[in-house]
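Sequences and hints are given; from them, build the entire structure.
Protein sequences, first through last, are from chains H and U.
Under my numbering, the first residue of the first sequence is numbered 1, with each subsequent residue one higher.
Under my numbering, the first residue of the second sequence is numbered 237, with each subsequent residue one higher.
If you are wondering where the hints come from, they were derived from the structure by calculation, not from laboratory data.
Everything numeric in this text was worked out from a predicted model, so none of it was measured.
Do not rely on the hints blindly, as some may be mistaken.
[Claimed, not checked] Stretches of chain H that chain U covers, calculated by requiring three or more beta carbons in the stretch to come under 8 Å of a beta carbon on chain U:
1. 130 to 141
2. 180 to 189
[To be verified] Quick list of in silico lysine-lysine cross-link-like pairs, DSS-like style, CA-CA up to 30 Å:
3. U:K309 to H:K99
4. H:K69 to U:K377
5. U:K309 to H:K69
6. H:K69 to U:K294
7. H:K99 to U:K377
8. U:K310 to H:K144
9. H:K100 to U:K377
10. H:K144 to U:K387
11. U:K310 to H:K83
12. H:K99 to H:K83
Glycine is no exception: its CB is placed at the ideal position from the N, C-alpha and C atoms.
Here is how the chains run, residue by residue.
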Amino acid sequence: MRSAPAKSKIMVNKEIASLDEAVADIPNGATIHVGGFGGVGIPIDLCEALYRQGATNLTLVNNGVASGKIGLAALIGAGRVRKIICSFPRTPDPEVFEKKYRAGEIELELVPQGTLAERIRAAGAGVGAFYTPTSVGTPLSEGKEIRILGGREMVLEHPLHADFALVKADRADRWGNLTYRKSARNFGPIMCMAAKTTIVQVREVVALGALDPEAIITPSIFVDRVVHVANPMREV
Amino acid sequence: MPEKLTRRQIAWRIVQDIEEGNYVNLGIGQPELVADLMPANREVIIHSENGILGLGPKPTPEEADEDLINAGKKMATLVPGGAFFHHADSFAMIRGGHIDVAVLGAFQVAENGDLANWTTGGGDLLPAVGGAMDLAAGAKKVFAMMDHNAKDGAPKIVKRCSYPLTGQRCVTTVYTEIAVIDIRPEGCIVREKFADMPLEALQARTGAQLTLANDWRPLAIPDVG
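Structure (structure tokens):
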């Protein structure tokens with residue numbers, strides 16, 4: 001007589017107990033997408049955990065370069081960032097980055113904001129490259145292939161993949177479905193798509209089924225790890 | 237009679253050229269004044285590149301929400317009907333030609349509509365571009381809101397930009413403290429200037445050839461401070 005299969009107690013559960021555990025395997029030399037715009041939606045607590053973890057020689061992708069002293073700024077200040085890819089390094093308080101940049105200790109790749117977003121989206125969507133009219137005729141398209149498409153000059157841009165994405169969302173369930181709050185959504189959904197491993201800090205973890213399926217912004221397939229941070233830190 | 241408009245008056249003038257129902261993006265800095273001068277009874281939908289349509293006025297202390305900021309990283313509000321979306325969608329709106337008007341600051345505008353507004357190429361400021369190149373490439377109309385001349389008196393409307401470009405042939409109208417100038421294939425057409433300022437005087441402060449429109453009008457001085 002065959003015994004009934006054991007009832008599995010282990011279900012899909014992407015929630016990780018601690019920030020430090022969630023970032024433990026990020027290696028030296030990793031390329032990391034970091035969400036946030038102007039301090040809103042930036043996963044400071046995950047960045048601080050990465051700072052404690054010690055990985056170095058990192059390439060960071062963010063819209064800016066961080067303000068103040070904690071999170072991204074702490075990583076940059078400690079000399080742990082080799083290169084930053086961003087659109088707007090002139091943040092309200094870029095002192096930490098500016099010092100490294102002027103000393104030639106950090107590489108800067110400046111990308112128009114929409115091209116940055118589309119390169120991230122393209123990485124997540126499996127698009128090999130794309131042509132865009134943005135930056136044609138400017139220093140930021142120098143050396144890049146230009147084609148006339150639809151009667152208009154367009155510049156070839158490539159996807160921006162990452163090994164890890166660090167993202168802040170508002171609510172998650174144990175599958176990793178996400179909702180965001182207001183303008184804190186910004187780069188979150190596309191960065192979740194574009195990284196091999198996506199780590200998300202959320203204000204609240206709710207029961208599976210509690211998120212309205214019509215309101216889920218990032219479906220769970222794009223999320224690998226969820227950490228509950230009820231009271232996230234702020235840049236300033 | 238004052239011989240120049242204040243920045244609020246320039247913003248008011250720009251509001252007169254924005255149509256009901258337009259989707260409008262306002263650049264960081266001076267262009268943000270356009271929202272302040274928009275009458276409450278007008279339905280103009282403000283796009284903010286960080287992922288907002290229907291950007292509202294500054295919040296009261298009670299309304300302030302740290303997760304709701306505008307592209308200039310200032311606290312903001314959302315009007316009824318407003319929406320949030322992610323960055324790729326936000327720039328699809330811009331690049332895809334869905335934004336009716338972008339109001340941008342400018343270092344220089346050339347007679348062919350070239351725009352320079354992101355760097356002077358010098359090392360004094362960190363290079364930063366943000367969404368300016370996307371707006372220049374994608375908005376249906378680009379209004380340049382700027383001083384007519386640089387601090388040293390140099391013209392900012394020029395034959396060819398000497399600063400690195402933001403976009404090519406994109407500016408449709410320039411609004412300054414002394415004139416409204418359309419950039420058309422046939423050149424720089426003065427649509428409005430002060431009645432008592434001869435075209436020659438305006439021309440002397442401008443680096444590109446000006447033509448007075450046949451139907452030019454005197455620049456109004458609105459009572460908006």
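- Hinted pair U:K309 and H:K69, Cα distance within 30 Å: Given that 30 Å is the threshold and the Cα spacing comes to 18 Å, the pair holds.
- Query: Straight-line Cα separation of H:K100 and U:K377 no greater than 30 Å?
  - Reply: violated, 39 Å
- Pair hint U:K310 and H:K144, alpha-carbon separation not exceeding 30 Å: Between U:K310 and H:K144 the Cα gap is close to 35 Å, so the pair fails against 30 Å, i.e. violated.
- Message: H:K144 and U:K387 were given as a pair; does the straight-line alpha-carbon distance stay at or below 30 Å?
- Response: The hint is violated at about 35 Å.
- Message: Hinted pair, alpha-carbon criterion (30 Å max): H:K99, U:K377. Please report holds or violated.
- Response: violated, 38 Å
- Check whether three or more residues of the stretch 130 to 141 of chain H sit with their beta carbon closer than 8 Å to a beta carbon of chain U. Coverage by chain U holds for the stretch 130 to 141 of chain H (9 residues, Cβ < 8 Å).
- Query: Mind checking, does the stretch 180 to 189 of chain H have 3 or more residues with a CB under 8 Å from chain U?
  - Reply: holds (count 10)
- Query: Under the criterion that the straight-line Cα-Cα distance not exceed 30 Å, is the pair H:K99, H:K83 satisfied?
  - Reply: holds, 14 Å
- Message: Check whether the Cα positions of H:K69 and U:K377 lie no farther apart than 30 Å.
- Response: Since the Cα atoms of H:K69 and U:K377 sit roughly 40 Å apart, the hinted pair is violated (cutoff 30 Å).
- Message: Can you confirm whether the C-alpha distance between U:K310 and H:K83 stays at or below 30 Å?
- Response: It holds: about 28 Å lies between the C-alpha atoms, which stays within 30 Å.
- Query: H:K69 and U:K294: Cα distance at most 30 Å?
  - Reply: holds, 27 Å
- Message: Against the 30 Å threshold, does the CA-CA distance of U:K309 and H:K99 hold or violate the hint?
- Response: The hint holds at about 23 Å.
In terms of the numbered hints stated before, the structure departs from hints 4, 7, 8, 9 and 10, listed from lowest to highest.
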